Every structure is written in structure tokens, then in C-alpha cells.
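J.: If you read the sequences in order, they're chains A and B.
372 is the number that my numbering gives to position 370 of the first sequence; each next residue is one higher, with no gaps.
112 is the number that my numbering gives to position 110 of the second sequence; each next residue is one higher, with no gaps.
FYI, nobody ran anything at the bench for these hints, they're computed from the structure.
Worth double-checking, as some hints may not be accurate.
[Stated by the list, open to error] Dumping the calculated PhoX-like pairs for lysine-lysine here, alpha-carbon to alpha-carbon at most 25 Å:
id, chain 1, residue 1, chain 2, residue 2
1, A, K297, B, K439
2, B, K47, A, K18
3, B, K20, B, K320
4, B, K297, A, K439
5, B, K160, A, K130
6, A, K160, B, K130
7, B, K178, B, K160
8, A, K130, B, K439
9, A, K47, B, K297
10, A, K320, A, K297
11, B, K47, A, K47
12, A, K20, B, K47
13, B, K439, B, K18
14, A, K178, A, K160
Bear in mind the structure is a predicted one, so any value in this text is a computation, not a measurement.
2 protein chains.
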Amino acid sequence: MSLPISRLDSAQADFKAKLSALLAFEASEDEAIDRAAAQILADVKSRGDAAVLDASNRFDRMSASSVQALELSQQEMQQALASLAPERRAALETAAARVRSYHERQKQECGSAGFSYTEADGTVLGQKVTPLDRVGIYVPGGKAAYPSSVLMNAIPAKVAGVQEIIMVVPTPDGVKNPLVLAAAVIAGVDRVFTIGGAQAVGALAYGTATIPQVDKIVGPGNAYVAAAKRRVFGTVGIDMIAGPSEILVICDGTTDPDWVAMDLFSQAEHDELAQSILLCPDAAYIEAVQASILKLLDGMPRKDVIRTSLANRGALIKVRDMQEACEIANSIAAEHLEISAENPQQWADLIRHAGAMFLGRFSSEALGDYCAGPNHVLPTSRTARFSSPLGVYDFQKRSSIIHVSEQGAQTLGRVAAELAYGEGLQAHARSAEYRLK
Amino acid sequence: MSLPISRLDSAQADFKAKLSALLAFEASEDEAIDRAAAQILADVKSRGDAAVLDASNRFDRMSASSVQALELSQQEMQQALASLAPERRAALETAAARVRSYHERQKQECGSAGFSYTEADGTVLGQKVTPLDRVGIYVPGGKAAYPSSVLMNAIPAKVAGVQEIIMVVPTPDGVKNPLVLAAAVIAGVDRVFTIGGAQAVGALAYGTATIPQVDKIVGPGNAYVAAAKRRVFGTVGIDMIAGPSEILVICDGTTDPDWVAMDLFSQAEHDELAQSILLCPDAAYIEAVQASILKLLDGMPRKDVIRTSLANRGALIKVRDMQEACEIANSIAAEHLEISAENPQQWADLIRHAGAMFLGRFSSEALGDYCAGPNHVLPTSRTARFSSPLGVYDFQKRSSIIHVSEQGAQTLGRVAAELAYGEGLQAHARSAEYRLK
Chain A
3 MSLPISRLDS AQADFKAKLS ALLAFEASED EAIDRAAAQI LADVKSRGDA AVLDASNRFD
63 RMSASSVQAL ELSQQEMQQA LASLAPERRA ALETAAARVR SYHERQKQEC GSAGFSYTEA
123 DGTVLGQKVT PLDRVGIYVP GGKAAYPSSV LMNAIPAKVA GVQEIIMVVP TPDGVKNPLV
183 LAAAVIAGVD RVFTIGGAQA VGALAYGTAT IPQVDKIVGP GNAYVAAAKR RVFGTVGIDM
243 IAGPSEILVI CDGTTDPDWV AMDLFSQAEH DELAQSILLC PDAAYIEAVQ ASILKLLDGM
303 PRKDVIRTSL ANRGALIKVR DMQEACEIAN SIAAEHLEIS AENPQQWADL IRHAGAMFLG
363 RFSSEALGDY CAGPNHVLPT SRTARFSSPL GVYDFQKRSS IIHVSEQGAQ TLGRVAAELA
423 YGEGLQAHAR SAEYRLK
Chain B
3 MSLPISRLDS AQADFKAKLS ALLAFEASED EAIDRAAAQI LADVKSRGDA AVLDASNRFD
63 RMSASSVQAL ELSQQEMQQA LASLAPERRA ALETAAARVR SYHERQKQEC GSAGFSYTEA
123 DGTVLGQKVT PLDRVGIYVP GGKAAYPSSV LMNAIPAKVA GVQEIIMVVP TPDGVKNPLV
183 LAAAVIAGVD RVFTIGGAQA VGALAYGTAT IPQVDKIVGP GNAYVAAAKR RVFGTVGIDM
243 IAGPSEILVI CDGTTDPDWV AMDLFSQAEH DELAQSILLC PDAAYIEAVQ ASILKLLDGM
303 PRKDVIRTSL ANRGALIKVR DMQEACEIAN SIAAEHLEIS AENPQQWADL IRHAGAMFLG
363 RFSSEALGDY CAGPNHVLPT SRTARFSSPL GVYDFQKRSS IIHVSEQGAQ TLGRVAAELA
423 YGEGLQAHAR SAEYRLK
């Protein structure tokens, strides 16, 4: 049986080049998809509900007579919740409670109260923090419909204090996913429309007679949805456009190799483009993980996806030591970073760039994906260098407060006027000078 | 003399439609500019320094022999600072000190320390906050070159802990602006390249042999720069693409009308698309402001720009009362909101959406533009509904911390496995189940 995964060694001369090649991922921007999305958006902007209805009936093979008919009733939502097996409902509710609790802590800790301070001359400066008014959550239909994502997108918005959450979820051929609808009820989603694609993005961004305009759209979608989100950015806020999911495991060789193999599988099973990488200083341990991969692969229901993902984008990398593993991890800036090691904190202290860090061998990524509490919407494709997990802060915004006292205006007015003249902006200068006695 | 500014009344039946028409602003997306920017980016990506050099020599009429020659030496930077008139240098230094002090407070107050907490079973959850490694600041050349913008973009990055700040500023025909270079020295910019346009954005986003790759690009630029920034978003972070600047003044009729007229001018003088609006419940006061506008306009050096801006995009709006003014202000979500009134705080409490609020008649926007302390890079075009002033938080990012204890894994593993099976992700489920005893 051929090796299902690349093997690299950081001591090789061409290691950096090989690592770059492994990480390279170019989101294909299909001009045809972009143009199609732009046309649908323009249609929704000009024709509103009629355009949304036409597109939904056409692309999702619906036969609705109005957009109103595409909104789910509270009764239907409650029925979806009631239809769940008790243990599944309990799991969903436990996950929701834990996610809510973490994000409440985050709200408390991340400056949501704003601040203000008074200077000696009576001038007050500060910052006011307020929630967004209304948020749209896009939930994909079909096989990639994840109830956990509904929780992860809606709960931080709710905790932030967003007054109305509108969910859109396409239901091709009218097929609904009760687990997704139940998650929406549990997360506190206010209204649900069974629409999708660029038409749903347009409806949320511009508003129609039936669907209210939102201030921000979050949640993953297909290429049409991503193209539409890019185009409405500015009219509304959007979250990051996600790339393929990634896991990077740093292991000191003390974790059961089956566990690490399965953690690599858990990322690889998402799709063929997902990326699973192991960094380890122990060559014998890497052999053991590879043996585990070979042993466990055939037993996995999604083995074809896992095999392709590991073969094309995975790697087992021998490093010199754990310090070097951390340096490489910083250059990779992975979405998920497991530090499966004794005393993981010492290595975590060296990490500057990662979406989420899973410390210690009991912290498998799967726990974080569903129910540990922190968000599973994380920066991919090295964007953890400059961006953060989805959080309460994504549903809040800040306003500066400037309350200059009469005395303060005497000092500030002179400085402002001097600089305004320097920039050739005389009205700025005079406006400041008017406040001088 | 004809009225230089529209007059509206919120009691008119068609007020909402008229207000919408007034606010409507469609950023023209020029396909030719976008294509040209894309070509330059592709060239920089493939040819690096050579492409940057060619574009700079061609578009900025430079005659450099290498990109190294386009970097300014520390000596040249220090000479720019030394060349300033003492009062101008002092003003710049005072402004920088105040901006630094506000952003240090912001860093302290907005959760920069991160957080972590331990649950009953020993599981630790939290969030680590780290600065970006390296940031690029785009500074326009020519007439729109504002030293105050250099301070406002660089200082929050520095306060956040960014290790290296690279500034790019085009110098068409080799003409440098000493005030801009001096501001860069005062703000702590590390390296300055005299390049601009899409080629500068590409160099910062992809890196070249001479110019290091950054993690985020901030700062305003022309249409080519904006198009290039949109396209590199994802490879690096970017700030908001700014629209025309706006001021909204809510006045209760107790401020000297000349002051309010000049505050409206101070926005209108930026460019013909800038927007200046007054909301006031007092009809006689509105007449007085209009008289002040007529009286003061001819004395302004930039009167042509001001006249066009006020005529095309300005308005004096009579409202029923101050409460209604605040409601309208929330729907406008202005970049700059002056509440020029007695006891302004009572009205500020009603404001949910604004980039910056200037309270009381001594807080003219010009003071905030230069030296009050809060940032002058603010959300425009109603984006204050969902976005914030540039701040320390724009140069930091967060990583989730998940350290599950052995005991915690027993509870979380069961919940995660239940949900993973529900989503058809068996490797996720087994990875969680491996951690069960």
C-alpha cells in the first residue's frame, strides 16, 4: 500500500520550499461565478422580492408563490426542535449553553463596557460600545449543513445584544434539515427564510419588502455566496471568506499515535482540500503515527475523502525540537493548532499566530468544534496572522467620544489650527480658532 | 445669490425619500481601473522588485535604478523632521503624544490582556491577544498628503506592539513632503519607501526581495490603491475602503451660528463629494446658520470646493425636536457627529450609530481631526452601523485557548461525539471518543 501522506524533514535543504508548496492554496476566483452573482445581486436590488422568488424557485427548484411563503413559522421551528431524539437535543442544548457561557465571558473581558476618562482641564475622552442592530446568518443547505455552525454564528450575536437575527438557509427541492432548524431555535434566531445563494445575500444586504436589511452577514456558503458577500461588503459588514479547514498538530511523541492519527483524519474528512499536518521531533513516533494512519484509514466511512486530503495536502514533518516546531507553527498560522504534549503551556507561550490552540492530549479539535465553548469559526489560510475567531466583538462596534471643555479648546484649538494650516485646510483651522477666547 | 445648500423639513411627507436621495452614494467601481490594478498586482507577484521599479519609474516619473534606491535613509527622515518650523514641529509632537495617550488607554481597556478561566473539572478556556508582526501604511502623495493621517495610522499599530511598520508614499517627480516624513519619524515608522499605487500595495501584500511582506495594509489611497487593496484582502488584512467624509451636526440652537457654519465648511472643504448636514429643531436658528454660510463662504480659500459640496450633498434639516434629531442621526450613522447643545450627554445616550461623537459646542470636529486623541480614521457611508474607528484592536488578533482536562474530556467527548455523528463526521466523533476512559 502506498504512503497516503507526505513526509518532510526540517533538516532538509529544500524544506522551506517544500513547506511553502504544501501550504500554497489559491482560492480560485471564477469570473463566470462572480458575474453570475453580480447579476443576481443587481436583480435583487432592483426587483426585490420578485427577484428573490424567481431565483429561489429556479435554483432551488421551489414552487413558492411569494417570499412570505418562504419564511418558516414559529410553529414549524418548534416542531423541528420537538422532533429530535432526546439525546441529540440534549447534546445540542449542552453545546449551546457552553458556547453562550464562553461568549458571555468574552463580552465581559473584551471592553464591551467602553471607557471614558477626564483630563485635568475637564475634557472627556472615551469610547462607547454598541451592538449591531440586525444580523443575517447564512447557513448552507444540503450535505454541508452543520447545526453546530448555526450555534457558533448566532450565539455570539445574541450575547453581543443584537436585536434581530435573520437566518437564511436554502432548502433545495423543499428538503429541510430539522437539526439545523432546531439549532436555530436553541440559539435564539428570530426569523428564518428558506432562501440561499447570491439572492439571499442580496436580500439581506439591500432589504426587500419582505426581508429586512441587515447590518452584517456571517456564515459560510458556496462560491456564489462568497462572491456575493465580497460584492456587498461595504453596504453591510461581512465575516472572513473561509478557505479550506486546517489542523496542525505539534506532538512531543507522548500521545497515543492512534489519537493523533484520528485528529488528523477529523480535519481531512471535511473535504479533499482540507489540510492536516503533524510536526514532531521524534522520528520513531512519526513512524508510529503513519502506521496508525494505515491501520485506521480503511475503517473510516469517509475514507476516500480522508485519503485524498492526506495525500494531496497532508504531511508528517520531522523537526529538530519542539522550539522549532513552534517557530514553524508561527509561520503556518494554522486555523487549529493542537499542542499534544506534556506541559503544553510552555510551547503555547511561544505561539503568536493560530486561530485556536488546543492544549494537552485531551483537547482534541473535535471537542472545540462542537462544545468546548470557544467559537469554531476561525481564520484559515494563514489569516490568523491578522484576524481572530468569530466573537462577540464581531457584533459590536465602537464610537469615539470627544467632549472638549472650554479650557481644553484653548490648548487643542491652537495645535489643531497650526496643523490644519500646514495641510491647507483653512476651514478646519478657523473652526478650531472660533473656540479660542 | 442662490441658496448654496438644500433645506429639508422632517415634517414633509416626502422627507424620508428626500433624505435617502441626499445620502445615496454609490462608489463608482471602474472596471478599467480594477483591471489595471489587477495587472500591476500580478506583475509584482511574479517579477517582484523589477515590477515595482518599472511601475514607479513609469507612473511617478521617477528615475530610480533599484527599489533599494527608493527607500529613504534614516538621515533623510531626520532631516525632514529638523527642517520643520519649531511651532509646527511642536504641534505635531503634541498631537502625537495625545493620540498615543488615548490609544494606550484604549489598549488597556479593550481586553488586550486576554483572559482565561478554569472550570470545575479543571478544563481551562480563554483567549490570547497578540499584535500583528508587521504592518504597511499607505500614505497618498501630492495634495491629499496629510501628516495627521500618518500619526493616526501608525500610532495605534505602535501602541498595539507591532514590531515593524513599513510606510509607502509615492513621490511623483521625486517631490517629497517634509511634514509627512517628519510625522513618520514622530510616529515611529520603521522604514519608508517612496512608492505608491497598486505596485506599492502588491509589494506589501506579497513581499519582494527588498520590501518585506506585511500582515495588514492600512491607509487611504486613490481608486487604483482601493482596487488593489480589495484584491489583496485575504492575503493580508486591510482597513475599510473609505468613502467621502461626512459631518452631521445636531444643534439645539444655542451655539453661535458662525461656529456651526464653519464646522460644516470644515467637512465640505475636503472635496466636492464630502457631506455636511445640520439637524435642528429651531427654524430661526437654521435661518441664522444659512445667513452665516452666505456671509462666510466668500472668505474661504477653498470656497469653490465648499460651495459645490454644500450645494450637491449638504442640507440644513428642520426636525420636530432633539429626540427626532437623534433618531435621524442613527439612521444616517455619520462618520462625524457633533452634538452642539446644552447638556449634550442626554442626546449622546440616544445615539447608537456614529463613527465619532463630538459633544458640546467646544468640541469642533477639527480638534478631533488633529489632536484630541481618538482616531480620525472613521467609518464612512453608513458603515458605522457595523464598523469602528481605527484602533489598537485593528493591530491585534486573538487566539482561542482550549485546554480540556482528562475529566472534562469525559463530558465534552460524549456531547461532541453525539453531534458529530449527527453531522455525519465520524472521525470527529471517534477522535472525541478516544479520549473517553
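J.: Could you run down the list of hints and mark each one as holding or not?
T.: Hints, one by one, checked against the model:
{"no.": "1", "hint": "A:K297 x B:K439", "verdict": "holds, 22 Å"}
{"no.": "2", "hint": "B:K47 x A:K18", "verdict": "holds, 19 Å"}
{"no.": "3", "hint": "B:K20 x B:K320", "verdict": "holds, 13 Å"}
{"no.": "4", "hint": "B:K297 x A:K439", "verdict": "holds, 22 Å"}
{"no.": "5", "hint": "B:K160 x A:K130", "verdict": "holds, 23 Å"}
{"no.": "6", "hint": "A:K160 x B:K130", "verdict": "holds, 23 Å"}
{"no.": "7", "hint": "B:K178 x B:K160", "verdict": "holds, 24 Å"}
{"no.": "8", "hint": "A:K130 x B:K439", "verdict": "violated, 49 Å"}
{"no.": "9", "hint": "A:K47 x B:K297", "verdict": "violated, 43 Å"}
{"no.": "10", "hint": "A:K320 x A:K297", "verdict": "holds, 21 Å"}
{"no.": "11", "hint": "B:K47 x A:K47", "verdict": "violated, 36 Å"}
{"no.": "12", "hint": "A:K20 x B:K47", "verdict": "holds, 19 Å"}
{"no.": "13", "hint": "B:K439 x B:K18", "verdict": "violated, 65 Å"}
{"no.": "14", "hint": "A:K178 x A:K160", "verdict": "holds, 24 Å"}
When held up to the earlier numbered hints, the structure conflicts with 8, 9, 11, 13 and fits the remainder.
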